[in-house]
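Position chains R, S and L relative to chain H; hints supplied.
Now for the letters of each chain:
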Amino acid sequence: MAVAVKTQTLSPIKKIRSVPTEEYYVPGHRTCAGCGPALQYKLVAKAAGPNTIFIGPTGCMYVANSSYLCTPYAVPWIHAQITNGGAVASGIEAAYQVLIRKGKWEGELPNVIVMAGDGGSVDIGLQAMSAMMYRGHDALFICYDNEAYANTGIQTSPTTPYGGNTTFTPPGPAIPEGKRLFPKDPPQLVIGGHPAVKYVATASVAYPVDLINKVRKALNVPGPTFLHIHAPCPKGWKFDESKTVEVAKLAIQTGMWVLYEWENGEFKYQHKPKEYKPVREYLKVQNRFAHLTEAHIAKMQAFVDAKLKAPGIPVEIPVPPPRATA
Amino acid sequence: MFDIPKEREVPFAGVTPAPVGEQPMMITGNWRTYRPVIDHEKCNLCMNCVIFCPDACWQLNEAEEEVVWNSKYCKGCLICVNECTTAALTKTYELDFEDGVVRLEKLF
Amino acid sequence: MAHVHEITVWTRGVVKDKEGRDVANALAKAADKEGRFTQAFDNYVDLPDRVNVPVRKYARISDEEIEMRYDYENEKPEVVVVVDATMVKGMNILRGMNKGGVLVVNTDRKPEDILKFIPNKDLLKAIACVDADGIAGTATVDFSGSEGGVDAVGLGAGIAAPLLGAVARATGLVKLENLAAVVKNKEALYRGHEQTVVQTIN
Amino acid sequence: MAKEVTLSGCAAAAQAVKMAKVDVICSYPIRPYTAAMMELAKMVANGELDAEFIHGEGEHAQLSVCYGASAAGARTFTGSSGVGVTYAFETYSPISGARLPVQMMIADRTLDPPGDFGSEHTDAMSCRDQGWLMGWAETPQEAFDNHLINYRVGEDPRVMLPQFVCQDGYFVSHLPGKVTLPDQSQVDEFLPPYKPPHALDTKKPVSHGPQIRPDQGVIMDLQRAQAFLDVPKVIRGAIDDFNRIFGRRYSPFVEEYQTDDADVVFFIQGAHALTARHAIKHLRGKGLKIGLVKLRFVRPFPTEEVAEALSKFKAVGVVETSTSYGGAMRGGNLLHEVRAALYDAPKRPLTTSFMAGMGGEVIPLQEFYWMAEVLAKAVKDGRVGKYVYWVGFEQAA
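Residue numbers (my numbering), protein chains in the order written: chain H, 1 to 326; chain R, 1 to 108; chain S, 1 to 202; chain L, 1 to 397.
Hint data in this document are derived by calculation from the structure and do not stem from the laboratory. Worth double-checking, as some hints may not be accurate.
As the list claims (entries may be wrong) - Within a straight-line C-alpha distance of at most 20 Å, the following computed SDA-like cross-link-like pairs (lysine to any residue) qualify:
id: 1; chain 1: L; residue 1: K21; chain 2: H; residue 2: E106
id: 2; chain 1: L; residue 1: K195; chain 2: H; residue 2: Q8
id: 3; chain 1: R; residue 1: K91; chain 2: S; residue 2: R109
id: 4; chain 1: R; residue 1: K106; chain 2: S; residue 2: R109
id: 5; chain 1: H; residue 1: K198; chain 2: H; residue 2: Q8
id: 6; chain 1: L; residue 1: K204; chain 2: R; residue 2: V20
id: 7; chain 1: R; residue 1: K91; chain 2: S; residue 2: T138
id: 8; chain 1: H; residue 1: K15; chain 2: R; residue 2: C43
id: 9; chain 1: S; residue 1: K110; chain 2: R; residue 2: F97
id: 10; chain 1: H; residue 1: K14; chain 2: R; residue 2: E62
id: 11; chain 1: H; residue 1: K104; chain 2: L; residue 2: V44
In isolation and in its complexed conformation, chain H is listed as follows (with noise of 0.2 Å):
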């Protein structure tokens, strides 16, 4: 009886210069000019090579891609709902480990990938994400974090950070702030729950190298593996779109993101700044922040101060008050 196994290893690279040449996300998708979540895209892509089936929920990498009865994926690819990509990627694993072991389909397990935005992972798509990973599918759920729902025209999600102006929380004279609440950490959900998962990991489009190393290490390691990856939104978070590489390692400088790897148990950083910049100058390159104060700033740096104790720690945060909106 055929048995549904990887033998593949994907190699880390040690540099640029090694990144793969290969294109497996390629030109003509109707994504913005200097969109985040699509370079990402085309690096896990690259990472992942021709042995690979995406899944994608809905969302700017669902919509913008796919516009119009064309898709940039050179490798198969599914539509999910927005809902249910940890379902659907269920499904198709499950379908190759029973084919290949029927001996209806020779060749290796693919990796399944899904690609799934913050809303599609941590909000409306938690619980599909979580029953994949309980159920132990050897799947890499990618969650690519633009911090709110752009493809509906930028509303709040459930990782859209303290003080994000969104079309659902615009600041105005009651709500000075804009969005009140602080955000999900999504790496911390799935450690903190899900036995069978043996890899997570954060990574940002600021560090490609690193962020290639990482999808292949989870593609590597048997069973559902999670990786939490920054893309900047020039539109949602009104930015030059230029600035999106730039934006992303502000945000690792400042500490609004950390590079890690949690595997088995044990936590390791990337890229760790010596001294971190103070959170202000990451908000200021950023027009969704443009409308808070020095007090709603202080807030936010307090929140930053805490979480970068130590992953996985529980970050007192200032309670919202209680008519807070999202």
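Only chains R, S and L this time, still in chain H's reference frame:
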């Protein structure tokens, strides 16, 4: 059978073939207001433009040892100009060039 | 059927999306003031807009009730406004135009510099060039008026204002004073009107 | 060798799914369909069935898992009841639009509030316009057979549509009945292996379900509409083969009982047809010329067959176990379809609808007698009193 004009046919169940190399049905070179222009003399092949382009519009030509720009798809975001380590890339207004015309009859 | 003046505005998603919409909306509002029948809307298929993507905004003006309301597109524009001049390289912006139309372009260049990129320029009666960026300085980026929302910022604070001045000058479709009544940056509107270079073609 | 056993509808469904050599099963518990999954879980645990058995985290996930697995080329099975059926609602149209022949068993249950385990067809009927085949079984035997017939029809290259295979909760799903289990070789002869036309295959990459424009959306709608125009022919072929291979005598769409000289008939789908037959036997003993027309597929609705069958009679009583609040017929779902089918018939019978078995109550013989009385009176008066009667709660008008 329904009478579906040839030009309006849609593949069965909307399943479409995967593109090879580029997606010819979504040409994006007409998105640019500015284009990156390279001075190969200054380029040290740091590869930042290649790695950071969301649209894969910079590729390394190994034989020629130089990076090559794809005018047909470049949307003009200029991340490459911003991330260029040697100032080999400069932002230049698209109307200064006669080439790079992608005249689509219809959008999409 | 009533004659409907169709105005198509070509602009770029996100960065100049609101400005393009402002041009269409302001033309319709100004014509409203003249007691005419009007429509102004985004092309639904172009949404959601992405940074730099070509998108279309439409206005329709008529002296009688306009019977087409749900058509996504202007089939036969008689005025085409280009908010970003580089779009002339990318699209057949005059598609559907009958002979005798007018093209209004936001550019600091001369009409002939633009016309060389327009192979079907013989459709045009005139081209009008105005340096709207130079006059108004900036483009307003705001999403409140997109997706059927109500604009919370106001019309014509940015480059739409001089472009509207140019449209009035080149077409006479709406009166300048009615545009002035609906546009925020009135000075830019007037300067646009004054500084527009109109070149007659046919 | 074929053998006769006693099985509930749930157990019979599981046997059929096993003999169909299904590849991926996704379960989630809800009464009353659950036993089908319990049976399949045992078969997998015992090594009788080689399938991936996935515990979904809800009905939405069940259908989503099957969507993915079917797209990857696997034969899939899932099922649900009541509010579980409606919880998965989002997934139905994407599955039929993607033309994936997922099979879903529905053992009917009322929709809340409040929780009621009783059988009503309202759960399944509320999904009838999602591009799935849909039909009911009267007995565990018919349930067994329908699962095989539906795989065969749904996976036919001319069809490629998902299937709701329905049986009344409790009445069929829980009550044991005689089932003739065929030989595996018979099933293999009837049901070829699933050959997906465009599986997600890394060797032949394709994109499934890209975004489309409105002018492309209508063409996709036309594709499904065409499939539904083509499917009756495929069903007829499948039923012919089924009858030949398994020695049954199914009609593809409508089955008639005691209709040769009938003046009035019950029109019905599912379990209660069984009681209706007995009621008819007794009513005939009293001299009433009454018969039964049973519907086997409500999607595709066999318009011509229904019109032809029903236009012979003076009055038709549609016995419904579902309702449409505020509908044109004041409640009768099937009556909408029946009257629409009869509209162009040269001779139209009187029609009315009976809300019977609602809430999952039994429809006793007496209620069928009462309905027969209403029909007889309608014939005598030359008119029906009402579009809909809630049986047991109102007088014959």
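Now the hints, each set against the structure:
A threshold of 20 Å between alpha carbons decides the hint, and for K21 of chain L with E106 of chain H the separation of about 19 Å falls inside it, so the pair holds. The hinted pair formed by K195 of chain L and Q8 of chain H fails the criterion: a straight-line CA distance of about 28 Å is larger than 20 Å. Using a Cα cut-off of 20 Å, the hinted pair K91 of chain R and R109 of chain S holds, with the two alpha carbons roughly 18 Å apart. Distance hint between K106 of chain R and R109 of chain S is unfulfilled; the C-alpha atoms sit about 26 Å from each other, more than 20 Å.
Proximity of K198 of chain H to Q8 of chain H is assessed by CA-CA distance (about 18 Å); at most 20 Å being required, the pair is judged to hold. The suggested pairing of K204 of chain L with V20 of chain R holds, with an alpha-carbon distance near 12 Å, which does not exceed 20 Å. Taking the CA atoms of K91 of chain R and T138 of chain S, the gap is about 19 Å. The hint holds against a cut of 20 Å. As the CA atoms of K15 of chain H and C43 of chain R are separated by approximately 18 Å, the hinted pair is consistent with the 20 Å bound.
Annotation: proposed proximity of K110 of chain S to F97 of chain R holds, straight-line Cα distance about 15 Å (limit 20 Å). Proposed proximity of K14 of chain H and E62 of chain R is supported: the alpha carbons are some 19 Å apart, at most 20 Å. Between K104 of chain H and V44 of chain L the alpha-carbon distance is near 19 Å, which keeps this suggested pair within the 20 Å criterion.
Of the numbered hints given earlier, the model fails hints 2 and 4; all others are met.
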